[in-house]
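Trainee: All chains, full assembly: derive it from the sequences and hints.
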Amino acid sequence: MSARKSLSAVAALALSAGAATADMPQSFGILEFGPDNTLFVADSAGGAIHAYALPGGGDAPEQDAAFNLLDVDQLVTETLGATGRVIYSDLVVHPVTREAFVSATTTVDGVETGAVLAISRDGTVRTLDLDAYPSSKFTLQDTADAGVTFWRDIPAPSLTVTDLDYANGELFVSGVSTGEFASTLRRVPFPFDGNATSTSIEIYHAAHNQNETRAPIRAMAVVDIDGTSTAVAAYTCTPLVTIPVGDLADGAHVTGKTIAELGYGNTPLDLISFSAANFQGQVSSYVLVVNREMDADLITLENLTAAAAGPGITEPVPYLGATSGVQTVPLPLSGVVHMADQDGQFLLALRRDLDTGAMELVSFRKGSFFRLSDFISEYNFPDYAYADDEMSNGVRMFQNLLKSDEGFPGQIRQ
Numbered sequence: 001m002s003a004r005k006s007l008s009a010v011a012a013l014a015l016s017a018g019a020a021t022a023d024m025p026q027s028f029g030i031l032e033f034g035p036d037n038t039l040f041v042a043d044s045a046g047g048a049i050h051a052y053a054l055p056g057g058g059d060a061p062e063q064d065a066a067f068n069l070l071d072v073d074q075l076v077t078e079t080l081g082a083t084g085r086v087i088y089s090d091l092v093v094h095p096v097t098r099e100a101f102v103s104a105t106t107t108v109d110g111v112e113t114g115a116v117l118a119i120s121r122d123g124t125v126r127t128l129d130l131d132a133y134p135s136s137k138f139t140l141q142d143t144a145d146a147g148v149t150f151w152r153d154i155p156a157p158s159l160t161v162t163d164l165d166y167a168n169g170e171l172f173v174s175g176v177s178t179g180e181f182a183s184t185l186r187r188v189p190f191p192f193d194g195n196a197t198s199t200s201i202e203i204y205h206a207a208h209n210q211n212e213t214r215a216p217i218r219a220m221a222v223v224d225i226d227g228t229s230t231a232v233a234a235y236t237c238t239p240l241v242t243i244p245v246g247d248l249a250d251g252a253h254v255t256g257k258t259i260a261e262l263g264y265g266n267t268p269l270d271l272i273s274f275s276a277a278n279f280q281g282q283v284s285s286y287v288l289v290v291n292r293e294m295d296a297d298l299i300t301l302e303n304l305t306a307a308a309a310g311p312g313i314t315e316p317v318p319y320l321g322a323t324s325g326v327q328t329v330p331l332p333l334s335g336v337v338h339m340a341d342q343d344g345q346f347l348l349a350l351r352r353d354l355d356t357g358a359m360e361l362v363s364f365r366k367g368s369f370f371r372l373s374d375f376i377s378e379y380n381f382p383d384y385a386y387a388d389d390e391m392s393n394g395v396r397m398f399q400n401l402l403k404s405d406e407g408f409p410g411q412i413r414q
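Residues in the sequence shown are numbered from 1 upward in steps of one, following the working numbering.
A couple of the hints might just be wrong.
Just the calculated beta-carbon pair ranges, DEER-fashion [as the list claims (entries may be wrong)]: (1) Trp151 / Gly227: 13 to 23 Å; (2) Glu202 / Asp226: 51 to 61 Å; (3) Thr178 / Phe369: 38 to 48 Å; (4) Ile154 / Leu70: 25 to 35 Å.
Straight-line C-alpha distance at most 20 Å; calculated SDA-like pairs for lysine to any residue [to be verified]: (5) Lys137 / Phe190; (6) Lys137 / Asn37; (7) Lys137 / Thr197; (8) Lys257 / Leu301; (9) Lys137 / Ala196; (10) Lys137 / Met24; (11) Lys137 / Gln26; (12) Lys137 / Glu212; (13) Lys257 / Pro311; (14) Lys137 / Ala45; (15) Lys137 / Gly34; (16) Lys137 / Glu99; (17) Lys257 / Ile225; (18) Lys137 / Asp193; (19) Lys137 / Ala53; (20) Lys137 / Tyr166; (21) Lys257 / Thr314; (22) Lys137 / Pro55; (23) Lys257 / Gly246; (24) Lys257 / Thr213; (25) Lys137 / Gly46; (26) Lys257 / Thr199; (27) Lys137 / Asn195; (28) Lys137 / Val96; (29) Lys137 / Ser198; (30) Lys257 / Val245; (31) Lys257 / Phe190; (32) Lys257 / Glu212; (33) Lys257 / Ser200; (34) Lys257 / Glu302; (35) Lys257 / Gln327; (36) Lys137 / Thr107; (37) Lys257 / Phe192; (38) Lys257 / Gly194; (39) Lys257 / Glu315; (40) Lys257 / Thr305.
Note that these hints are calculated values from the structure, not bench results. For every residue, glycine included, the Cβ atom is placed at its ideal position computed from N, Cα and C.
Mentor: Below, the structure is given as structure tokens:
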């Protein structure tokens, strides 16, 4: 099927549970993978979640290897026959094949059109023919009023679904809804059976020195913290909050525990839970908050656990811009639009090149979180001498491993 015909088919038909014809997605937003090759597609405009059973049979890569695609816009526009700018709503990685899946909106034949595309490391792009797959649909109740706008031009329904995470047989859906408390976290059992819980969420925002109920969760992940399934959620401007999943009862109003204030004037883009091995082979677990206006924040599971067990933040920060709470490590991930856990060695990012404006699909090695090709530094020159201390020795070992063909598979140099 051609790209344009495939795109038209996406907008034409989807099968709902029970093999009836379902409404097409009105928008292509947040993506998430579930069990048995299930791809969830959030449709904020339509107030629904679509679940597509993708065909199996894809093989796992023989080894972890990096993406180095430096102009994804060109690949996507050629595939779709697009003439307008491409807006990327989300990025996820297939749990087996490690292909990148992106949701995007652009202009095709003068019509604003959305699609889900699969992108391979070799630059092959294919549009998912979603109407060809068995699917089911869950319609969200009490969605935001289309007549409400923020800052005069942001429609409230665009925040119906701000993030998705599948864990322990349930799909967790964050966003806004109608009612006294607009910030809502839903638990939707999968396979969809029509049942769901909807919980209103309140948080203390240390930068504003007040409790807030209307600001939605912008990014989240469900993490096992000391044996308790817990939603770790990041908000605009940027409180970090923990909410035990067991508290998320239908109709309940829950106050999350604010464990960090990460900085003002910022929107979190993604919150990723992952594990990585160090040079000695020891595996540690982390949460990474990827931000629009600030450095990314890396948090160890140990620090997250200690913060979740503590009293939380209940006092304002001393000045605008101050941070407090759980200890984080700032990471230089500028230009990142979306990020996902790729495999054992890499994180995958859609990012804008700050020089050319091109959208890239590139990998970052866990443990370093930067790409050598982004820098011209002193250690690039043959007469550079490292200082004889522990930090410099670690940097030297890492640089040598990246530069060596015997180092790690899947080099990330351009």
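Trainee: Against which earlier hints does the structure fall short, listed by number upward?
Mentor: Violated: hints 1, 2, 12, 16, 28, 31, 36, 37, 38.
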